[in-house]
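Take a look at the letters that make up each chain.
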Amino acid sequence: MLRYIIRRLLQMVLAFFGTTLIVYYMMFQASGDPIQALAGEKPVNEAVRAKLTAEYHLDEPFLVRYWYYVKGLLTGDLGNSLSGGRPIAEVLAERWPTTANLALYAFIFVVILGVGAGVIAGIRRGGIFDNTTLLLTLVVIGIPSFVLGLTLQLGLGVKAGIFPVTYMEERDGQFGLILPGFILGSLALATAVRLTRTSVAENLRADYVRTAKAKGLAKRRITIVHVLRNSLIPVVTFLGIEIGNLMGGAIITEGIFNVQGVGFELKKAIDIEDGPMVVSIVSILVVIYLLANLLVDILYAVLDPRIRYE
Amino acid sequence: MSNHLLEVDNLHIEFRTRDGVAKVINGVSYHLDPGETLAVLGESGSGKSVTAQAIMGILDMPPGVITNGEIRYEGRNLLTMPEEERRRLRGKEIAMIFQDALSALNPVYSVGFQISETLRRNEGVAKDVAMKRAVELMDLVKIPAAKDRLKNYPHEFSGGMRQRVMIAMSLAQNPKVLIADEPTTALDVTVQAQIMDLLAELRRELDMGLILITHDLGVVADVADRIAVMYAGRIVEHADVHSIYAKPAHPYTQGLLDSIPRLDSKGHELSTIKGLPPNLLRPPSGCAFHPRCPMAQQVCQEKVPPSLNLGGGRTSACLFAEEILHG
Amino acid sequence: MSDFETVAATENHAATPGPAGEPGAPGQPDNTSKVRSLAGDAWHDLRRKPIFIISSLIILVMVVMAAFPTLFTSADPRSCELGRSMKGPSGDAIFGYNLQGCDVFARTVHGASTSIQVGLYSTILAGVLAVVIGMLAGFYGGILDAILARIIDIILGIPLLLAAIVALKGAGKGEGYWGPLLLIVFILGIFGWTTAARIVRSSVISAKQQDYVHAAKMLGASNSRIMVRHILPNAMAPVIVVLTIALGAFITAEATLSFLGVGLQDPIISWGKDISEAAKRVRDNAVPMLVPSTFLSLTVLSFIMLGDAVREAFDPRLR
Chain A
921 MLRYIIRRLL QMVLAFFGTT LIVYYMMFQA SGDPIQALAG EKPVNEAVRA
971 KLTAEYHLDE PFLVRYWYYV KGLLTGDLGN SLSGGRPIAE VLAERWPTTA
1021 NLALYAFIFV VILGVGAGVI AGIRRGGIFD NTTLLLTLVV IGIPSFVLGL
1071 TLQLGLGVKA GIFPVTYMEE RDGQFGLILP GFILGSLALA TAVRLTRTSV
1121 AENLRADYVR TAKAKGLAKR RITIVHVLRN SLIPVVTFLG IEIGNLMGGA
1171 IITEGIFNVQ GVGFELKKAI DIEDGPMVVS IVSILVVIYL LANLLVDILY
1221 AVLDPRIRYE
Chain B
573 MSNHLLEVDN LHIEFRTRDG VAKVINGVSY HLDPGETLAV LGESGSGKSV
623 TAQAIMGILD MPPGVITNGE IRYEGRNLLT MPEEERRRLR GKEIAMIFQD
673 ALSALNPVYS VGFQISETLR RNEGVAKDVA MKRAVELMDL VKIPAAKDRL
723 KNYPHEFSGG MRQRVMIAMS LAQNPKVLIA DEPTTALDVT VQAQIMDLLA
773 ELRRELDMGL ILITHDLGVV ADVADRIAVM YAGRIVEHAD VHSIYAKPAH
823 PYTQGLLDSI PRLDSKGHEL STIKGLPPNL LRPPSGCAFH PRCPMAQQVC
873 QEKVPPSLNL GGGRTSACLF AEEILHG
Chain C
462 MSDFETVAAT ENHAATPGPA GEPGAPGQPD NTSKVRSLAG DAWHDLRRKP
512 IFIISSLIIL VMVVMAAFPT LFTSADPRSC ELGRSMKGPS GDAIFGYNLQ
562 GCDVFARTVH GASTSIQVGL YSTILAGVLA VVIGMLAGFY GGILDAILAR
612 IIDIILGIPL LLAAIVALKG AGKGEGYWGP LLLIVFILGI FGWTTAARIV
662 RSSVISAKQQ DYVHAAKMLG ASNSRIMVRH ILPNAMAPVI VVLTIALGAF
712 ITAEATLSFL GVGLQDPIIS WGKDISEAAK RVRDNAVPML VPSTFLSLTV
762 LSFIMLGDAV REAFDPRLR
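Protein chains in written order, with the working numbering: chain A, 921 to 1230; chain B, 573 to 899; chain C, 462 to 780.
In isolation and in its complexed conformation, chain A is listed as follows (with noise of 0.2 Å):
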């Protein structure tokens, strides 16, 4: 166990400096003038230049920069943004509570919607709730995330009144976080529903459950003791890796929905081509989705007994 939890590490290290050099490398390298690349296309007066310069020790060899970048992303120092000059890192924080927030209401949606109709369909499979689901859950996926939001904005929001069509905190509260959670949580959640479906239809055909019937268990208990146990390792797996992916799509979602988390921080920065404030949100938002992926590997350690003795 001990052994897989420090090579998970080593190679979520490896992974770490890897990604951090991907997006550092596209950011400031891949176009000539990095300060262009920040700043977008609004002319830049020689104080900001000088200012970025300083900022972004741009006079200094590459890895230098580099270096300087990954130890500010581990420090929590990420600089100050471009329009206004606050901190991003303090920015940051006080979005980042209303992203939380609104991944929770997307989760709460995958584990309860999505798994509850994915073990349904799984146990009975053919049938006509499978059918239904399994389109239903192809048309989320084939629909854009974007598309299905303002769709439903128009429809749930515009037109029928019962959702508000862009959040207030104080006006809304909870409630308003409820349709962009869905939509937030859309695509995972029809994922949720295939994998859990598949799990379970294949695990019901194992030979294990075959012995548990041979042994005079009841029906409900091979279900629910013997079949979900497995089924859901992979389902839990996904869930966890999910997480991190539900803080990316935010920022298609609080675009929509005016939500002011670190999503609508991010479309705002790309809207006004804060190239510092970019490049920051995506790097936290990398390192979070590897984090969860580590979460995620030490629980399929503790979930399935095999792993631990790899």
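Be a bit skeptical, because a hint or two may be false.
Claimed, not checked - Cβ-to-Cβ under 10 Å is the rule here; a few derived chain A residues that face chain B:
no., residue
1, Ala1126
2, Asp1127
3, Tyr1128
4, Val1129
5, Arg1130
6, Ala1134
7, Gly1136
8, Arg1141
9, His1146
10, Ile1153
Keep in mind the hints are simulated off the structure, nothing from the lab. Just so you know, even glycine gets a beta-carbon here, dropped at the ideal spot from N, CA and C.
Following the hints, put chains B and C in place on chain A, whose structure we already have.
Relative to chain A, chains B and C alone:
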């Protein structure tokens, strides 16, 4: 008639698939008494496992459909019994062990959990008592250091030890009949012999009826009392083990015997049965074995051979059984 | 985040068709029961599946629309008059005009070309990368395999959308029509080949152990010949399925990036950008948003359903 412990009577089973109907069991009858061992022998696809699954009530239905026949346990027809009542017989009266213990055991539970599970669930035994019983059972099947291994998982055991775990699990509720479906196929030859000896010993000690399903005539010689040879969903020959080894009464049995390596025939080429088992979606006309039979005549393609009683409980489903036996 | 990664993740252990079906058992008197080959069986299944037929037809229509937009509309998508801004449907424009006064239907028809091209080119790039890298890793194994596995891990560590946002921010916009389009294709391809490569790798590893490959080796065939002639054909079926789904995902990614404002810009017509602009005035007139939304969703959905149907037909375990 119904004084046997377990009796399969004229069983017919079909598999209804999208490619058509396969008649996999066509009138199989056999019986088992307490303390005796019946070996059911046949190639894969002969229907030997399907029959066993029908006895256990774990046949996948669909695609399987039992179209005719009875399975009687202590005189009661299992096939017409309510499912709940039948479930209570599984494990407690009739238990079964399977070929590949690694996949037949649940990978995520400890062996102690799995051995004691039926005691706790079906008999309401308290956890510590059930665990103690699990250790006893593991001792019974000769797993060394049983107590320390209670919390281990199936993948931490060797193949032979895993099969012993499965045997221990099947014995938890003291069944009167044990069905062993190819219990040694996945194992090394030396381990095979150990498991066979263990089964024979347990059968004697616990006075169980044992149905041993195998494709390997070699492993049954020392263990079985009677042998039923199956081909294409029929029992083609049924006799006590000595009679069969002395003189088979069906060309298929003869073919199987000829394909076992023997010490006294060193240097001789081993013969095999030519061809493949028939496709049961489109079985051959007449005797199902005729395309592969060295003795086949014109009549074999036309007439399904009935099961001939050769006396002494011996039967053969060959039109020329008398000639083979006495010729 | 990217659909195809998640769709493929559900199924990446599936979709490994075995060798073609066994010929009818020899020595059998009645040989009318010829066993169909796996591919034949799959095709037989597919032809009768409504989802397969419908999605193929939609894709066909979209491809024709992309190649010959003027078959569908004679209006110029780039001739816009503010005077007819947000005008409703009429005989001239069946879906009316958008905020800038451009013909909504004409823009949507011409947008098909962008989506189909981005999807197709990205898939080709990702497919070539996946086949070459997956093949090398699977065939040679060892250190090369380990290094490539780490690289794949790293690339999978950056969600496609975020990677594309940063890359597009850093790389600038590109010149003219082809510049921005190819830039997006390049970025999507570079970040989108990993799942398919893993599938190629595992099918290569299983194909490598087949007897006919050993036979070819013993007959002295070169490594490259074995890879191209013997292993590749057997490894292609599952990767084509994944790439079909990926094509849909790439179209989604481009539309999403353009929706977010980092993707394609005028004069290229992108459904994502048109949707984004129409969404701002959706209270006044929802049609300019709904028309490209519908086309985009139908296209992506068709590719994903097509891939899913083919995968199901090829996976005997799901029957």
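How the hints compare with the structure:
1. Below 10 Å, beta-carbon pairs count as interface contacts, and Ala1126(A) has one with chain B at about 7 Å; its hint therefore holds.
2. Because the beta carbon of Asp1127(A) sits about 4 Å from the nearest beta carbon in chain B, less than 10 Å, this interface hint is met.
3. For Tyr1128(A), the interface hint holds, the least distance from its beta-carbon to any beta-carbon of chain B being 4 Å, beneath 10 Å.
4. The closest approach between the C-beta of Val1129(A) and any C-beta of chain B is roughly 9 Å, which is under the 10 Å cut-off, so the hint is satisfied.
5. This hint holds: Arg1130(A) has a C-beta 6 Å from the nearest C-beta of chain B, less than the 10 Å allowed.
6. Given the 10 Å rule on beta carbons, the hint for Ala1134(A) holds: about 4 Å separates it from the nearest Cβ of chain B.
7. Checking Gly1136(A) against chain B: minimum C-beta separation of about 4 Å stays under 10 Å; hint holds.
8. About 6 Å separates the beta-carbon of Arg1141(A) from the nearest beta-carbon of chain B, less than 10 Å, and the hint is met.
9. Taking 10 Å as the C-beta contact cut-off toward chain B, the hint placing His1146(A) at the interface holds, the least distance being around 6 Å.
10. A cut of 10 Å between beta carbons decides the hint on Ile1153(A): the least distance to chain B is about 8 Å, and the hint holds.
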